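Novice: Residues per chain are reported as follows:
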Amino acid sequence: MKGVKSVADIITTIFLSAGLIFFIGGVLGLIRFPDIYTRLHALTKADNIGLGFIIAGLLFQTYNPAAAVKMAFIWLLIVFSSATICYLIGHAARTMGIKPWRKP
Amino acid sequence: MTAGVYDYLLAGLLICLGVLILKAKDLLVSIILFIIFGMFVALAWVQLNAPDIALVEVVVGSALTGALFLGSLAQMESTSPQKPFQERLVGYAYKIPFVLLAVVVGSFFLTVMLPITNDSNGLRDLVDAVLGQSGVKNSVTAVVLNIRGYDTLLEIGVLLITVIAIFALNSVQPMKNVLDHQKTSRVLIIFVDLLAPIMVLVGAYLLWIGAYAPGGAFQAGAMLAGVGILMLIRPVSLTLTQKSRRLRFSYILGLLTFILIGFLGMVQSRNFLAMSYEQAKLLIFVIEITTTVSIGMILMTLFAGCTGFLSDEHNNGTMKGDAS
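If you read the protein sequences in the order shown, they are chains A and B. Numbering-wise (the numbering used here), the first sequence opens with residue 1 and increments by one. Numbering-wise (the numbering used here), the second sequence opens with residue 105 and increments by one.
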């Protein structure tokens, strides 16, 4: 394969593919789920884990420990903020009166 | 650099996003697509080897402008129903000259930029020749604050004019609907209290690293504006008042310092904004700190003006004391 230089590249590819699968699942949930609460659930859970996999894959590409710590910190920040925003949107939707979808 | 598959995909994605933004029926959809568009334009800037501009694009062009749009959307009246077909046809006729103009300008750019090959360095050689005397090691910062400092001075002046416009036009009603629900939201309070100091630290890091790596005053100022927006949204927090003297002084701080340093150069060597080699590093850093504060406060006021957080009461004391 072109561009594969070491074992690290193979591991990176595996992790990036896993993250990609989770992101595709999240977007699929965003498109197909019936109401806002289920969509929020799909988005935040899938995006957190997906981003975790992508950053885990990128950790194998750098020799600089400072860069690795920075990337892990970025992931922590995104988990923190996406969880908060998910709660805020869900709370706002609830107080605006949007009812959860019930199976008809 | 040769354009690879990634570049072509990105360019095609940008064009598709642009068309989708224009054709979206709901303004909210357009605004969200615009935020996403800004993110992908930042990726394009990275591909063009301009990480400084990518940073500014993400924070200002995508996030901040998106927040301004969303706040303005919340202030607008409900949208009017679809006009009859005859009226819409006349509306299309007015758009034809602009479409022609876009086609002419676009083809001009294509014919000028297509012959540019990998070997051409643009202005990089000219800048590298004087980089050693400019006091900083990052070529973008050297150009922005030393070689073409006069342009940056005028840009800060333009930002100041926007704040004056916001003050003059400020007749929006405070946002009553969504944010009232968050009045006692402890999650939001904890979120802002944890995130704001980290963002201030990242802003200070961007400011300091601007001399050696992508970063600088505009990026740090935009990050501080983000902190300001978080503080505005936080329940039980500050309100911006127009008549606060500290607030108004923080707007002019950057421009004032720039002009004073310009006159200093004039006193020393008869040229406005001339910087000798020994002083350049210190002067650039002083300019950067003050413009960071100014840009942060101005952008925060833009957001406050668009979303109704700007009040008219005469009150000298309501001003937060964060790291700025």
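To be clear, the hints were calculated from the coordinates, so they are not data collected in a lab. Accuracy of the hints is not assured; some may be wrong.
[Stated by the list, open to error] Derived DSS-like pairs (lysine-lysine); straight-line CA-CA distance at most 27 angstroms:
#1 Lys347/B with Lys99/A
#2 Lys241/B with Lys70/A
#3 Lys45/A with Lys5/A
[To be verified] Over the 10 angstroms line for every Cβ pair with chain B, so calculated as not near, a few chain A residues:
#4 Phe33
#5 Thr44
#6 Pro65
#7 Leu77
Note that the structure is predicted; figures quoted are calculated from it, not measured. All C-beta atoms in this analysis are idealised placements derived from N, C-alpha and C, irrespective of residue type, glycine included.
Novice: The structure should be examined with respect to each hint, and the outcome stated for every one.
Specialist: Evaluated hints:
1. Restraint check: the Cα-Cα separation between Lys347/B and Lys99/A comes to about 44 angstroms, which exceeds 27 angstroms; the hinted pair is violated.
2. Under the criterion of a C-alpha separation no larger than 27 angstroms, the hint pairing Lys241/B with Lys70/A is consistent with the structure, at around 23 angstroms.
3. Only pairs whose Cα atoms come within 27 angstroms are accepted, and Lys45/A paired with Lys5/A is rejected, the gap being roughly 33 angstroms.
4. No beta-carbon of chain B is positioned within 10 angstroms of the beta-carbon of Phe33/A; the least distance is around 18 angstroms.
5. Every C-beta of chain B lies more than 10 angstroms from that of Thr44/A, the closest at about 14 angstroms, which supports listing it as non-interface.
6. For Pro65/A, the non-interface assignment is confirmed: its Cβ lies about 18 angstroms from the closest Cβ of chain B, beyond the 10 angstroms cut-off.
7. Non-interface call for Leu77/A relative to chain B: violated, since the shortest CB-CB distance, roughly 7 angstroms, does not exceed 10 angstroms.
Of the numbered hints given earlier, the model fails hints 1, 3 and 7; all others are met.
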